[in-house]
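K.L.:
Kindly produce the complete structure, drawing on both the sequences and the hints.
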Amino acid sequence: GQQVMQIPQYQHVQEGEDFTTYCNSSTTLSNIQWYKQRPGGHPVFLIQLVKSGEVKKQKRLTFQFGEAKKNSSLHITATQTTDVGTYFCAALTGFQKLVFGTGTRLLVSP
Amino acid sequence: EADIYQTPRYLVIGTGKKITLECSQTMGHDKMYWYQQDPGMELHLIHYSYGVNSTEKGDLSSESTVSRIRTEHFPLTLESARPSHTSQYLCASAKGSATADTQYFGPGTRLTVL
Numbered sequence: 009g010q011q012v013m014q015i016p017q018y019q020h021v022q023e024g025e026d027f028t029t030y031c032n033s034s035t036t037l038s039n040i041q042w043y044k045q046r047p048g049g050h051p052v053f054l055i056q057l058v059k060s061g062e063v064k065k066q067k068r069l070t071f072q073f074g075e076a077k078k079n080s081s082l083h084i085t086a087t088q089t090t091d092v093g094t095y096f097c098a099a100l101t102g103f104q105k106l107v108f109g110t111g112t113r114l115l116v117s118p
Numbered sequence: 380e381a382d383i384y385q386t387p388r389y390l391v392i393g394t395g396k397k398i399t400l401e402c403s404q405t406m407g408h409d410k411m412y413w414y415q416q417d418p419g420m421e422l423h424l425i426h427y428s429y430g431v432n433s434t435e436k437g438d439l440s441s442e443s444t445v446s447r448i449r450t451e452h453f454p455l456t457l458e459s460a461r462p463s464h465t466s467q468y469l470c471a472s473a474k475g476s477a478t479a480d481t482q483y484f485g486p487g488t489r490l491t492v493l
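So the protein lines, in turn, are chains A and B. The first sequence begins at 9 in the numbering used here and counts up one residue at a time. The second sequence begins at 380 in the numbering used here and counts up one residue at a time.
One or more hints might be untrue.
Claimed, not checked - Example chain A residues on the side facing chain B (calculated, C-beta under 10 Å, incomplete): (1) Val12; (2) Tyr18; (3) Tyr30; (4) Gln41; (5) Lys67; (6) Gln88; (7) Val92; (8) Thr101; (9) Gln104; (10) Leu106; (11) Gly109; (12) Thr110; (13) Ser117.
What the hints assert, rightly or not - Pairs of lysine-lysine residues, derived as DSSO-like cross-links and limited to a Cα-Cα distance of at most 27 Å, are as follows: (14) Lys64(A) - Lys78(A); (15) Lys396(B) - Lys436(B); (16) Lys396(B) - Lys44(A); (17) Lys396(B) - Lys64(A); (18) Lys44(A) - Lys474(B).
Claimed, not checked - Negatives, chain B to chain A, calculated, CB over 10 Å: (19) Thr394; (20) Met406; (21) Gly407; (22) Leu422; (23) Leu457; (24) Ser459.
Just so you know, the hints here were simulated from the structure itself, not pulled from any lab data. Owing to the predicted nature of the structure, the values given are computational and were not obtained by experimental measurement. Every residue gets a Cβ at the ideal spot worked out from N, C-alpha and C, and that includes glycine.
P.N.:
Next comes the structure, spelled out in structure tokens:
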């Protein structure tokens, strides 16, 4: 089945540093979604990207969809302790199901 | 905030017991999903439904079963629990549109089988 890989698996930054997680697929994606899961919590939807090369911003978060629609990235500028959690990308399959990426766990030290 | 509920939130049971994990949503969503997630790991789809009387197995093989008799209710049943079933089970729902929809997740059930 379709697989979506994310790197890095884990990153520990100091508050104020930037953070980026990358999502890669071997196949072309129709769209990509990003979710955040706080420790002990459940995934919460952040954003959906549909168009090739699309860039969307939410305050300090910048999401990009690759030109070939095979990869995506999430960049956080000047991390805060509230950014702690695991970030998942998710790709839509042909059967209206989401395949979640392996996730990137972010730890932010004050 | 999404209106999707799961009970129980935590469950510790012995091997061989039959259990049902409840999931309900009040948003009228057609699509519902069950995921299994081990701590710190990715989500694996184990069951999904496109609407009433529709159920499909997901990408991860599971010994559980589901039913969808009512739009708002999507319970998951384990006939005979084993320690290998210890995990977190997340229920989600989405609208039934033609394109990808935002999935709204419930708080999850943390299951421990002794």
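K.L.:
In ascending order, which of the hints set out earlier in this document are inconsistent with the structure?
P.N.:
The structure breaks hints 3, 5, 6, 7, 13, 16, 17, 22; every other hint is satisfied.
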